[in-house]
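Colleague: The primary structure of each chain is shown beneath.
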Amino acid sequence: MPFLNAGEILHVDLTTGEIRTQPTRDYANRYLGGRAINAALMYDLVGPDTDPLGPENVLALGVGPLGATPYPGCSRIDVMARSPVTNLLGDSNMGGYWGAELKYAGYDHLVLRGRSAKPVYVWIHNDQVELRDATKLLGKTTHDTQQAILEELDNPNVKAFSIGPAGENEVTWADLHQGTCHAAARTGMGAVMGSKNVKAVAVRGTQAVGVADPDGLMQACLEAHAAIRGSEMYQEYSTVGTSWCEASYGRSGIECGGDGHEGPIADWDPHRDQAFDEFWAEYGIKRTGCMGCPVHCMETYYVPGIGSASMSCELYTQSSGELRQDLLRGIKLVKLCQEMGIDETSVSNVLQWLLVLKDMGIIDDSHLDGVPLAWGDVDSQVEFTKKIIHREGVGDVFAGGLLAAAKHLDAHTASGPRAGQSTYYYAMQVNNSPMYGINPRVKSMALAYAVGRRSDCISDLNMQDFDIMSVSAEYPGWTDEQRKDAAEFDAATAVYVSGEPRAADFDAIDGKAMIVHDMGRTVGMADMAGTCKQHMKWLYLDATPSHMAAAISAGLGKTVTSDDLMWASLQLRTLERAIECKWGRRREHDTIPEKEFDKLVSQGVFKGRSCTSREDLEAMKDEYYWLRGWDKGTGVPFGETLRDFGLDHVAEDLAQLGILPACADETARRQGIAKASTLGYVWPELVGRNNPGGNKAPWADEPEGSAAEAAEES
Amino acid sequence: MYRVVTVDIEKCTGCRSCEIACSLHNFGECNPARARIHVVKTQKEGVTTAVPVLCRQCADPLCVKMCPAEALSRNEETGAIVVAKERCLGCHTCVYVCPFGAPAVDPITGVCEKCTLCDGDPYCVRVCAKEALTFGDVFEEGPHRKRAGLEKYLEHLETVTES
Numbered sequence: 001m002p003f004l005n006a007g008e009i010l011h012v013d014l015t016t017g018e019i020r021t022q023p024t025r026d027y028a029n030r031y032l033g034g035r036a037i038n039a040a041l042m043y044d045l046v047g048p049d050t051d052p053l054g055p056e057n058v059l060a061l062g063v064g065p066l067g068a069t070p071y072p073g074c075s076r077i078d079v080m081a082r083s084p085v086t087n088l089l090g091d092s093n094m095g096g097y098w099g100a101e102l103k104y105a106g107y108d109h110l111v112l113r114g115r116s117a118k119p120v121y122v123w124i125h126n127d128q129v130e131l132r133d134a135t136k137l138l139g140k141t142t143h144d145t146q147q148a149i150l151e152e153l154d155n156p157n158v159k160a161f162s163i164g165p166a167g168e169n170e171v172t173w174a175d176l177h178q179g180t181c182h183a184a185a186r187t188g189m190g191a192v193m194g195s196k197n198v199k200a201v202a203v204r205g206t207q208a209v210g211v212a213d214p215d216g217l218m219q220a221c222l223e224a225h226a227a228i229r230g231s232e233m234y235q236e237y238s239t240v241g242t243s244w245c246e247a248s249y250g251r252s253g254i255e256c257g258g259d260g261h262e263g264p265i266a267d268w269d270p271h272r273d274q275a276f277d278e279f280w281a282e283y284g285i286k287r288t289g290c291m292g293c294p295v296h297c298m299e300t301y302y303v304p305g306i307g308s309a310s311m312s313c314e315l316y317t318q319s320s321g322e323l324r325q326d327l328l329r330g331i332k333l334v335k336l337c338q339e340m341g342i343d344e345t346s347v348s349n350v351l352q353w354l355l356v357l358k359d360m361g362i363i364d365d366s367h368l369d370g371v372p373l374a375w376g377d378v379d380s381q382v383e384f385t386k387k388i389i390h391r392e393g394v395g396d397v398f399a400g401g402l403l404a405a406a407k408h409l410d411a412h413t414a415s416g417p418r419a420g421q422s423t424y425y426y427a428m429q430v431n432n433s434p435m436y437g438i439n440p441r442v443k444s445m446a447l448a449y450a451v452g453r454r455s456d457c458i459s460d461l462n463m464q465d466f467d468i469m470s471v472s473a474e475y476p477g478w479t480d481e482q483r484k485d486a487a488e489f490d491a492a493t494a495v496y497v498s499g500e501p502r503a504a505d506f507d508a509i510d511g512k513a514m515i516v517h518d519m520g521r522t523v524g525m526a527d528m529a530g531t532c533k534q535h536m537k538w539l540y541l542d543a544t545p546s547h548m549a550a551a552i553s554a555g556l557g558k559t560v561t562s563d564d565l566m567w568a569s570l571q572l573r574t575l576e577r578a579i580e581c582k583w584g585r586r587r588e589h590d591t592i593p594e595k596e597f598d599k600l601v602s603q604g605v606f607k608g609r610s611c612t613s614r615e616d617l618e619a620m621k622d623e624y625y626w627l628r629g630w631d632k633g634t635g636v637p638f639g640e641t642l643r644d645f646g647l648d649h650v651a652e653d654l655a656q657l658g659i660l661p662a663c664a665d666e667t668a669r670r671q672g673i674a675k676a677s678t679l680g681y682v683w684p685e686l687v688g689r690n691n692p693g694g695n696k697a698p699w700a701d702e703p704e705g706s707a708a709e710a711a712e713e714s
Numbered sequence: 001m002y003r004v005v006t007v008d009i010e011k012c013t014g015c016r017s018c019e020i021a022c023s024l025h026n027f028g029e030c031n032p033a034r035a036r037i038h039v040v041k042t043q044k045e046g047v048t049t050a051v052p053v054l055c056r057q058c059a060d061p062l063c064v065k066m067c068p069a070e071a072l073s074r075n076e077e078t079g080a081i082v083v084a085k086e087r088c089l090g091c092h093t094c095v096y097v098c099p100f101g102a103p104a105v106d107p108i109t110g111v112c113e114k115c116t117l118c119d120g121d122p123y124c125v126r127v128c129a130k131e132a133l134t135f136g137d138v139f140e141e142g143p144h145r146k147r148a149g150l151e152k153y154l155e156h157l158e159t160v161t162e163s
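Top to bottom, those sequences are chains A and B.
Just so you know, we're using our numbering here: the first sequence kicks off at 1 and counts up by one.
Just so you know, we're using our numbering here: the second sequence kicks off at 1 and counts up by one.
Next comes chain B alone, as it looks inside the complex (with noise of 0.2 angstroms):
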């Protein structure tokens, strides 16, 4: 069963530890333009949402598929799906067909950089305050969400009902 990084965007402040974390740990220095997980924020009437984007690890992932140099394949220990640099073109095909623009062509390396989880201990939930970053078993993660909404309609059944 593979653990992979699981995002609540409720909880997410927008505060982009992650990112200074991610580019610290996986580059040596702090830079979140080459971090690998973004927090993409937007506003509206002066209230901010935010919402991290890193790799997903799909179970059947485009890139892996698309990538003309067969660089992608995933990290059976660990479960991510990793580069191998020495093979990467820097072609940008993954950026292009991945469903959420995840992965990037690293501007000084010249290669597909995207998350490794780590090795196994990712930086970005460990410094993440409002745990909006969990480590978790991706397959457990649906019924959680499901119980989740279901604790939310009861609350507002209660709401209802009192009124």
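Extracted from the complex, chain A is given alone in its bound form (with noise of 0.2 angstroms):
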């Protein structure tokens, strides 16, 4: 039996109906895992024409090493296609229970591809595979599916994810749902699985995941486990949660609120984080948590005559203080999107577009087949969603997504309004995907949207670095002694890992492109092991790469290091840029929406400040592909860095399409790679390490016969 993985890729072909395997091994010996394998499957199967809403898409869902063994957040689940959303590589992470689950049943990885003739659902019992009737679930919310499912089966032990009616209608921001409220929402994960005509996937599994030293394992899981408990911030989010985070927005005005569009919101609460104490004592259940989890980072609420809901940082920001409406309010619409399985950052965002042109007099009612759509008004709010999500009406229009509907608006508008602008020109969108409700005016924001990883900033920087800028300073209840302190610990952090001595300047662009890589690379190395980054200094919590490396060498009996986790993720991002390229993505894909150079933060602490200009995010850019090793040019990697991480099939093929660039520096792409190695400060055992080089997968089995052969040599 393998150690740590289950041992097989599962295969399912809907169009045909064949079901096959293959043994991660096949992948495993060069990829680390979860997101990484992923990735290698998606740049296999998918190809530069494939339409993400046709049967050749390939929607595939992954489960890294360390996912099902005790390891603290071992729940992970990585999600990738080819997204309706971007057109570019969509990925999504869940939680729940689903993934640990998948691996009990003996399978890291599940491969969906081609389109069911009728409604489908996936349902895996260990090795037995079959695609059931799915036509009595249509129309079901994500709940609904999934209770019916285990009712059908008459078996409570099954966990399924499920599709609601929004991805029923492939509308473009659908999401895969678990249970109430784990979710792969974003980059329009659902529509592809809608696409297919599958409704759900259903697992139960009661195998093994072999370890090859289980005391070992054991140990390394519980030290980690002591680390999380042992982090300062641990009590916060295991008790508070991650609500606090989106008053910490607020306060700083980094949240966009509408201010991400045109000026201030005039009724801004600044001090609106007294209210999520209230609604917690007045509605709050309990926690909620995923598999294998310590943390707990979600609230369960009941509302009377709203019914329950789980909430977390980001939908507590864009329910309610994007759409300016307290969270009793917001919380319903954050039930919706639940229920009927759409990405609720992406409502919002559309929702406050649609607000913005309303309040510039661009559009009205009639653009809107009469919907009073209205801040603060949660009921015109979801009854515009749900055209969306039914394709009624207008909404039908909508639901192809941003720049579909941005045309429909052009066309029925007087220019006058916009000054001859589309509408488009203000939808806060990366590539056509809609943004967080973090404001890109602040400079290393403005590098993680343009850089990120399926155009988004969420997996390029985070908690740390809004600290850097000393948000943290505004953490509720601080003293002026604790905030200054924080400031201090973020500056000098700042600092410590870009090795720039202004990098903590919030008006400065030195150093802020290794604080966004620094960040990718960790979070890189969670989804590659299937577990959590919001346990690593992603959200202030002290599992590290040690960590995680420890659990890894005893779970596979060979020693794998921190180092090569980190080899293995900065393979793994050029794998992904590698793919988009092929795709199409060049540099000049990489930016922010246009409107948004030039402009001051416009409310909060950070009033007046910023502005990030275009030559700022250029110059941001150039530094961050010298770090990455890819050419400043177009932004596709050199041959060089694809062949350092052992990527030298992707090199030549990039060669064949003539897009590979030339490296006419050697020595100073050497020079960022070897930058880019160098570990921050929470691993400072490590610090001033050079490129790894080499280009094979260091926990690589080696190549049968080679082990007898050695031992005839000594």
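Quick caveat, the hints were computed from the structure, so don't treat them as lab data.
Since this is a predicted model, take the numbers as computed values, not measurements.
Check the hints yourself; a few may be wrong.
[To be verified] Straight-line Cα separation of at most 27 angstroms, DSSO-like style, residue types lysine-lysine; simulated pairs:
#, chain 1, residue 1, chain 2, residue 2
1, A, Lys136, B, Lys44
2, A, Lys484, A, Lys286
3, B, Lys146, A, Lys286
4, A, Lys136, A, Lys386
5, B, Lys65, B, Lys85
6, B, Lys44, A, Lys286
7, B, Lys130, A, Lys286
Mind docking these for me? Both chains are given alone in their own frames, and the hints should help you get the complex.
Modeller: Laid out in structure tokens, this is it:
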């Protein structure tokens, strides 16, 4: 039995009904797992001309080597497909209980291809895999679908995720939902599954994930648990959750709240964090989390007349602050999105865009089929969202995405009020993907949005980036002394991570590329291992790559160091970038909405500050590409960089397509990657490490026979 | 005085860390289906309730009384009811008579597998971040709960008098 991996990749072809398996080892020798193997599958199976909603697109779900082990946060599932939102690499990450169950059933990855003639759901019971009729499930909410499947299979231990009506209707922002609150929400993965005529995937597994050194793994996991529970912020996250982040965004002015569009919010309340406590006291039921998680970052609420919903950071930001309403109203929209299976972030972003267009006199209710959409009026917001979900009237156009909606509005509005611009000009998007409620006017955010994987910022910037800009100094209830300490700590951190003395300067661009890169590679490690990025410094918790490396080493029975994990993370991001470049992404696609250049933060602590110019962004991008070993001219990875990470076949491919850039200055390229490989403050023992070089995955099995040969030689 | 694993269902979030840790420690593999503790979950209107179920190490255990092979007995050192595996028939009687369904016949070994309290240092308790599982003196647990109940009552009384 292969250690840590379940051992097989399950391929389901929905057109032919063919079900087959492939050894995970085919990929695991070259890639660590989870997101990395998903990316490799995408590279091998999806071409530049693939239609995201066509049968040839591939939906890959993967669990990493630490998934389903006692390592904290062992629940994560990485979901990849070509995205109907961006037409580039779609990627979303989901917690819950499904991923571990898949491994217990014997599979590390599930790959769905083709299109079923009739609606089906996939039922995986260890080695029994079948496609079952899902006609009865059509139109059901995500939650009801899963309940119905559990009843039909008469097994309460089955774990299922499903799409809702939004996914069935192939609404571009549709998502996958598991339980009531675990979602793979971004980049339209629900639309892809809907296009395959698959309503749900149910799994029950009763098999083992093998371990080379059980005591060693247990010890490593207990140490990681202890590190997390001993973190300074642990008590906050495990009792208050992440609701306070929203308050922190709000106070800093980093939250868009309409400001991301035009002008400040008149009745913006910087102290509304108090409301979270009151809301929790009034409607909170219990804390909720995923498999194997000591943190439990989500809150479950029950509101009479609305029902229950579970929320964490981004949902608070989007549903309330972004649409200028209190939590009690916001939760109604959250609940709708969770039941219907649509990304709440995208929905709020689109509603906000429409409200801004309305404020500017570009559109009126008649463009929205008479729905009186208004700030703070959740009923009108819900009404319009339902139109999108069910593709009713103008909602049918909106279901096709921001660009389609903008084209429609352009054709039906006078160009005067929009100064001849397309309505798309006012949309907060990167490559057509609706942005988070985090303002791109701040310099490092601008970079994170521009170069971020899947065209959003969340994997490449984080709490730490805000904190570097001293937002943590606004943590509710802190004394002046605490604020000062936090600001100083953050400044020191920024300098330490980037090696730039001005990195903590809110107005400077120095070192921002290294900070964004540093977070991207940390998140990459968690996504590959199948654990939760929130347990690492992404959310200021103290699980480190060293903990992860110790657990993987014990599990595999061979030494894997945190350096190896970093190598894997750099490999991952370069592979993802190469895929996107193959599909058409270039440097010019790495940007933020044009209207956001040269704008000041208009509210909060940083009011009147920043102002990212196009030159600033381009300069930061230059530095970022240099760190990554990508060509500054095109944004495509150099062949030398691809080969550094064992991606020779990718380099050959790109060369054949004529898009592989020539590297004029090998010394500079090596210096960039050497700097990118320097680990930051949480791993001081590794500071100063140089380019690991080499192109073989450090954990790869020896080729058969070589061990015997080595023995003979000795 | 025996110590047992006590459960506080109000604290349990249903994360199943205990199941994975139990299987890893006792079977050397990650496989909750073989674990000696199971988190039973129900969902009503979107709110999940989770109850960890494991051997209560009863004072007068039915499983011991009913075992036709007399394979079950108390380990006087740890207080745990343990199985003499060479005697176990795999007949499921202990599973049927246990009011909690806590023991299980393992599909691979074919004999009864039940909580042994990990020889006095249960791993389920070690990984439980919420302290929903604790390892304590079973006869002290009752008085603790009574006091907790009283405090809840006092809290309620305060809210009532305030309003």
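Colleague: Each hint needs a verdict: does it hold in this structure or not?
Modeller: Cross-check of the supplied hints:
| no. | hint | in the structure |
| --- | --- | --- |
| 1 | A/Lys136 / B/Lys44 | holds, 22 angstroms |
| 2 | A/Lys484 / A/Lys286 | violated, 34 angstroms |
| 3 | B/Lys146 / A/Lys286 | holds, 22 angstroms |
| 4 | A/Lys136 / A/Lys386 | holds, 21 angstroms |
| 5 | B/Lys65 / B/Lys85 | holds, 17 angstroms |
| 6 | B/Lys44 / A/Lys286 | holds, 13 angstroms |
| 7 | B/Lys130 / A/Lys286 | holds, 12 angstroms |
Consistency with the previously given hints fails for number 2 only.
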